[in-house]
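Undergrad: Fit chain F with the ligands to the supplied structure of chain C, relying on the hints for placement.
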Amino acid sequence: MKSSSRLAGVIKNHEKEILADWIKEQLASTTLRGDLLKESELREQSRAFLAAVQAAVQKGGTEDLAGPAWADVKQLLAEISRARSLAGFSPSETATFVLSLKQPLFSRMTAELKSNAAELGEELWSITLLLDKLGLFTIEAYLKSRESVIERQQTELLELSTPVVELWDDIVALPLVGTLDSNRTQIVMETLLQKIVQTGASIAIIDITGVPTVDTLVAQHLLKTVAATRLMGADCIISGIRPQIAQTIVHLGVNLGEVTTKASLADAFQVALKRTGATIGKAKAEAAGAV
Amino acid sequence: MAIRSPEDIVHMRRAVREHAVRQGFSLVDQTKVVTAASELARNIINYGGGGEMILQPLAEGVRKGLKLAFVDQGPGIPDIELALKDGYTTGGGMGLGLGGAKRLSSEFQIESRVGGGTRVTITRWK
Ligand SMILES: Nc1ncnc2c1ncn2[C@@H]1O[C@H](COP(=O)(O)OP(=O)(O)O)[C@@H](O)[C@H]1O
Ligand SMILES: [Mg+2]
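Residue numbers (the working numbering), protein chains in the order written: chain C, 1 to 291; chain F, 1001 to 1126.
Be aware that one or more of the hints could be misleading.
Quick look at which bits of chain C chain F covers, simulated, 3 or more residues with Cβ under 8 Å [said to hold, decoys possible]:
#1 217–224
#2 237–246
#3 249–257
Think of the hints as simulated: they come from the structure by calculation, not from any bench.
It should be emphasised that the depicted structure is a prediction, and the values quoted were computed from it without experimental measurement.
Just so you know, even glycine gets a beta-carbon here, dropped at the ideal spot from N, CA and C.
In isolation and in its complexed conformation, chain F is listed as follows:
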């Protein structure tokens, strides 16, 4: 789904929560994945010039999860390690979005190329 405006974030959060409920996530896990998604979507708008979120429900035997990819074609992140540092922000935020999303997820991947956009993928297992 497209992430272009703050309203899109509201809709996206609702969609992620619905899928989390459908996967049988506990209230805590729902809240964690929705909050992580909110952070990454906000970054797409604040820094990535808009982009999209791709949602994939996962099932491995009895294990269920949600995989979310946040993709933009924005300026990219020059120093990923620095960007992940708590408190680091170039936009007057709290600088806790990327690190927080990582801590809230079971798996976290980030790929970014200067001038080539950013892709952050998170997975949350129930």
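Chain C extracted, bound-state conformation:
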């Protein structure tokens, strides 16, 4: 009898007992995180997984996990790994799910082939190979979802460091701090434009007090942002241009031409208030609180 069809038959004929053994094994395991996973959920995951493995072995054998027969099993495992990584399981706690199936399958196979030591050895070996491969796959899937969590957190951090502040009814301000590499500038620009749409602001102030170097790349990004802001029907003021930056920009030959520039955010705010028609007296009193 071919190894894979033997295993498929054993699982099919003893599904209930294997499942019960396996769940008992998992519940007893020191790596089960009862705090993070409900028992009912564990039972459901185990049942679905065992059924999927049975179907895959029957259809595609145990050798070729890259084949189409194993697609369902792998997708299920990827989902379980993802859920566990998000829930805070460690990689080994996650892989235990698959690896703890070894013992129940060994017991069943041993009972089945009591009188045929040679065949038993082969069967146990192929089960081991299979579950080890699935275990590795689980860890890979776990790490992948970890990486995407980290990536997402990094993007969030970037967004956090470029907050768009609503200074006044019609006025938003974007205080930039740090190096404007292309990646971040792209995000900054998008955040600002989104905020303009959200708030219906008519004036945006970009404050570059916290940007240490304004070279032609940064200048180009700023000019593009100003142009895009205008296309959205809003006006743009660039503030925080310190004397040394102003001189350097002139030497570079960058023409900020029609862009309104101001030395400080407070100056820019005054200009913005005038343009939106708010009264200065009232503005001054409240600006102190708003900025």
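TA: Then chain F with the ligands, alone, in the frame of chain C:
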């Protein structure tokens, strides 16, 4: 120091600024030399296929300065005069990097050979 990625430019700018401060540069002169360096390093990445920057503090009596060389083994610049023209760019930039770096520096030299790479040297005296 190696110039291979945008992060390298960030590090390089910091190093140049530190040396400028150590040489007693004013805030304006610091900013000028750092900005010029930023332009030339960006060109190494955008057009030179990566390269390096070599920094040399200068002292002639009481006169202090910084000499920076930007070297790559990239394709070289076929027409240097054209490349120095304000607004000329082959890469969608502002075309002000080379000319700007020249204006921001006390001395400026450029050597380039098609197929043989590019070397731009700037000096800023305090
Ligand atoms: N290191 C280099 N290697 C090859 N070509 C270069 C190099 N530096 C500059 N160039 C060429 O000179 C042009 C002008 O450079 P620059 O004045 O810095 O403007 P930009 O970087 O905006 O294009 C570039 O577009 C490029 O064609
Ligand atoms: Mg350039």
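Undergrad: So which of those numbered hints doesn't the model satisfy?
TA: Violated hints: none; all satisfied.
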